[in-house]
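J.: One letter stands for each residue in the lines below.
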Amino acid sequence: MNIVVCVKNVPEVAEEELEINDEGADVEREELGFAINEWDNYAVEEAVRIKEALGGKVTVVTIGNDDDEDVLRRSLAMGADEAILVDGEDLAGVDASAVSLILSRVLKPLEFDLALCGAQAADDGFGQVGVALAERLNLPYASLVTAARVGAGKITVDRELESGMYETVELGLPALLTIQSGINEPRYVSIMGIRKARNAEIKNLSLDDLDLSEDDVRGTANWFESVEMSLPPEGEGAEILSGSLDEICARAAAIIKEKGGLG
Amino acid sequence: MNDVLVVAEHRRGKMRDVTFEALHKARAVARENGGAVVAALLGKDCANLAGKLKDYADRVLLVDSSDFENYNAEPYLAALTGLISQHKPRLVLIAHSASGMDLAPALAIRLKAPLVTDCMDFHFDGDRLKAKRSCYGGKIEALVTVKPAPLYILTVRPGSFPAEPLQPAQGEIVPCPPPSLANLRNRTFIQYTEAEVADVDIAAADILVSVGRGIGKPENIPIAQELADALNSPLSCSRPVADQKWLSKTRQVGSSGKTVKPKIYLAIGISGAFQHQAGMRGSDTIIAINKDPRAPIFKIAHYGIVDDLFKITPVLTRKIRELV
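Same order as they appear, the protein sequences are chains A and B.
Quick note on numbering: numbering that gives the first Met the number 0 labels position 245 of the first sequence as 244, and the sequence is numbered without any gaps.
Quick note on numbering: numbering that gives the first Met the number 0 labels position 168 of the second sequence as 167, and the sequence is numbered without any gaps.
Chain A on its own, in the form it takes in the complex:
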């Protein structure tokens, strides 16, 4: 069972107060830490588990610059066997159509039974690349997958719907899945593992290698003219409680009592 996983390096923003960059097209990324996109981490784990059960190899792919090699090395440390980095230095701001075009050129010559993508990315959150990639490669697909069971020439998956409902779907192989968070419990990556992966070979591909021009990617395949980002106004909505720690908590407790929270 050969599996390809598409991964992305994203800024960690959960605990951060973000600022918009000078161009207004993204957040200021300089001060932020980066990590593998959470959904992609689940996808790598799922791929490695299937490989461990059935044999084969796992190839991870990302588009980015040298810093983004980190997500590949981390994936190798988790158990992936091969890694491909597509030089995407100048591709900030292109849409999922362009990204899926690049990935389709990477995956096309590879021999694989299963391709996995995270269901969405934590930064722009389009939730689009995986399914677009399946269409470009003409693969059967299922999105938002929370369980996958490999059978003979097929894979049976559960898709997460709304309100605690799931649907079971069967796909012929090769197929593409987009992985929903929570599908598994990703393993911890040891320092030793990453150290070992530091020397692993990473295959570098340029757009040229993929028979694509900058114009193909930024122009023809990309529909976005511009993206303008802004911060929502601060504190809009809620009454922010102020005072000493003791005062704030006393006030909050009084509100809870007043609103009927104490029986």
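Fair warning: there could be bad hints in the mix.
What the hints assert, rightly or not - Distance condition first, Cα-Cα at most 25 Å in a straight line; then the derived PhoX-like pairs of lysine-lysine:
#1 Lys310(B) x Lys256(A)
#2 Lys258(A) x Lys244(B)
#3 Lys298(B) x Lys258(A)
#4 Lys258(A) x Lys131(B)
#5 Lys216(B) x Lys244(B)
Since the hints were made in silico from the structure, they are not lab data.
Fit chain B to the given chain A structure using the hints.
T.: Okay, now just chain B, sitting in the frame of chain A:
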């Protein structure tokens, strides 16, 4: 043509609210740009569903066939490619839902049309489309300008527009032949399954203490549990906590978990992504504790505490105990 086509989403014989919301907005866009509102309904024995769409749309394109009893991307793609190529709307709206997210990206590639997902609002600006959405977990707003194109596809965030018709309509139901289903890729719908049975029904609670990613690690859960115990309430959570199995999935509040409407909802270390908000915004009183003053949860909370939850929660627990 400036028609706006809405792909109707239904499951187990029931239309989903987001369809009506998209139709409401479709009418507003059609009015402004001079086009018709068209609904596309793919289903089996769904005359009653078509009847509901008539109140919103000028035309209801109805494909009634056993192949459309349950959503499946492959026949949907075949049918919609045909309907859209034939009726040539300028804009296609699809729900940003489990089905819509499964369908729209492939449809856009197949029709060579731009797609913007998870839109909260949108309008035409000359020959360009502008769409408002959020990113970075709801912390940032983004306005996307799409290049001129003959056809645009958007997925619409549930809850972004009213579900009532913008104006009364008496749509015509137009039966359409089912598409050829030869050469479809190999995908088969098998069955629906319901979530596991819960030990506690969080939807029945009058007060909920809910923890999010900010709790940091499972060893910290007791800090929130003590507050919940003081309030005699169950402990619920946002998605990341359930994903990491720190609490059971049955305790997850949000669009893929439970929808709750308690008297008081205490959100502790929850930033408030839209999927979470969808499950709790109907609570009578929302109190949020988060150290990021721009966390989206503060937009819908009634009261906010901008501070470290590890400082606040134990003191709040003590204050509650004093009042009980």
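J.: Does each hint fit the structure? Answer for all of them.
T.: Status of each hint after checking the structure:
Proposed proximity of Lys310(B) and Lys256(A) is supported: the alpha carbons are some 21 Å apart, at most 25 Å. Restraint check for Lys258(A) and Lys244(B): the C-alpha separation of about 32 Å exceeds 25 Å, so the hint is violated. Between Lys298(B) and Lys258(A) the alpha-carbon distance is near 20 Å, which keeps this suggested pair within the 25 Å criterion. For the proposed pair Lys258(A) and Lys131(B), the alpha carbon gap of about 35 Å is over 25 Å, so the pair is violated.
A threshold of 25 Å between alpha carbons decides the hint, and for Lys216(B) with Lys244(B) the separation of about 11 Å falls inside it, so the pair holds.
Of the numbered hints stated above, those contradicted by the structure are hints 2 and 4, listed in ascending order.
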